[in-house]
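J.: Going down the list, the sequences are from chains B and W.
Offset between the first sequence (1-based) and the numbering used here: plus 90.
Offset between the second sequence (1-based) and the numbering used here: plus 14.
It should be emphasised that the hints constitute simulated quantities derived from the structure, not laboratory data.
Any given hint might turn out to be false.
Said to hold, decoys possible - Listed below are the simulated DSSO-like cross-link pairs for lysine-lysine, each with C-alpha atoms no more than 27 angstroms apart in a straight line:
1. Lys84(W) <-> Lys71(W)
2. Lys27(W) <-> Lys158(B)
3. Lys132(B) <-> Lys85(W)
4. Lys85(W) <-> Lys69(W)
5. Lys139(B) <-> Lys17(W)
6. Lys17(W) <-> Lys148(B)
7. Lys132(B) <-> Lys17(W)
8. Lys85(W) <-> Lys139(B)
Single-letter residue listing:
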Amino acid sequence: AQSVTQLDSHVSVSEGTPVLLRCNYSSSYSPSLFWYVQHPNKGLQLLLKYTSAATLVKGINGFEAEFKKSETSFHLTKPSAHMSDAAEYFCVVSPNTGTASKLTFGTGTRLQVTL
Amino acid sequence: DVKVTQSSRYLVKRTGEKVFLECVQDMDHENMFWYRQDPGLGLRLIYFSYDVKMKEKGDIPEGYSVSREKKERFSLILESASTNQTSMYLCASSLSYGLRAEAFFGQGTRLTVV
Chain B
91 AQSVTQLDSH VSVSEGTPVL LRCNYSSSYS PSLFWYVQHP NKGLQLLLKY TSAATLVKGI
151 NGFEAEFKKS ETSFHLTKPS AHMSDAAEYF CVVSPNTGTA SKLTFGTGTR LQVTL
Chain W
15 DVKVTQSSRY LVKRTGEKVF LECVQDMDHE NMFWYRQDPG LGLRLIYFSY DVKMKEKGDI
75 PEGYSVSREK KERFSLILES ASTNQTSMYL CASSLSYGLR AEAFFGQGTR LTVV
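The shape of chain W in the complex, shown without the other chains (with noise of 0.2 angstroms):
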């Protein structure tokens, strides 16, 4: 089974914080991506990278970067946290387009900044 993994299931940090959500997956697939949910808005993309020290910007970067030093792993940074980026984080991963399209997801990181 595929399994991506996200370091935090929650976290409380502080305004101001740098923040590290840290994603891993084990099925060396090409793509990762960071997306936030929030309720009435569905999942947000916020970057996706398609291969090691590749990124894209997603639809809503503003605030928060992104790190791929391995093909596993996908970092998702905030420069300085604040109460607006309160929301739930999901880090997926997917082989290239179309029909292997399917992306697979951890389980979320609940972040509240206060």
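Isolated chain B (complex conformation) (with noise of 0.2 angstroms):
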């Protein structure tokens, strides 16, 4: 069995400040990792993926995501949010087995980015 927590519902920041969303999972095996983001109007674009090799893993537009096994975490990062920013973010776990890669989505982080 697997899951997934996003500690925060709706996350606002100043532009240029810091971005934290917080992602905590739970998996029966050693899990693939992913954090999604969602434009308005848009689906679904990957932003990185931790697969096992590296625990800090970069992904696209300067965020980063830190695996931490001792704490089940996978904290989405970026030193300075740009309005662009805006969006929803998704965590997704993975289970590093099956027959078929069966996501598990947690409920979203709203992340809102002012002047």
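Two independent chains are provided; combine them into the complex using the hints.
T.: Structure follows, in structure tokens:
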């Protein structure tokens, strides 16, 4: 069994300040972990993924995430927010086993960026 | 680039109608998925398919069925649409598990049942 908890449903930051979106996971297997972003009226786009290589993962648009097994966390960070980062972000877990990669999504965190 | 195409961006249907949502992917992926997205609930898996003619129920299959006659096409069917099926529907495809489990999503179909 696997699950994902996104600890904040809504985060608001000022442009130019750091972003932290929190995610905790539970998985019976060594998982793959992903962050996806969804801009208004758009489909989901992959930001980054962890697949058991380096624990610090760099993604697109300056985002990165650190896999911490001891804390079962995969928090998403960015040093300096931009207005274009305003979107909804989903943390996703997938087991590294099985015939189909059944993804489990968090409930999402809406990021608001203010001037 | 992987492309997942959903046949409609917006649909309005009447209660009781049979509704077909179509999804096509062009990367020869084994797995295809249908999710619905509702505010505060994230994405919930309706059905997925890991091969032609193979399907498995997801977390919320009630009121839905699926069809996968060809590898590239995965259809979601609402046998008798109801107002509680008003939602955003997202199709996705992926290769197999683990390292290749990255899913590619279509643009979504916003369905309104009146």
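J.: Next step is simple, just say for each hint if it's right about the structure.
T.: Taking the hints in turn, this is what the structure says about them:
no.	hint	in the structure
1	Lys84(W) <-> Lys71(W)	holds (19 angstroms)
2	Lys27(W) <-> Lys158(B)	violated (46 angstroms)
3	Lys132(B) <-> Lys85(W)	holds (25 angstroms)
4	Lys85(W) <-> Lys69(W)	holds (12 angstroms)
5	Lys139(B) <-> Lys17(W)	holds (19 angstroms)
6	Lys17(W) <-> Lys148(B)	holds (24 angstroms)
7	Lys132(B) <-> Lys17(W)	holds (14 angstroms)
8	Lys85(W) <-> Lys139(B)	holds (26 angstroms)
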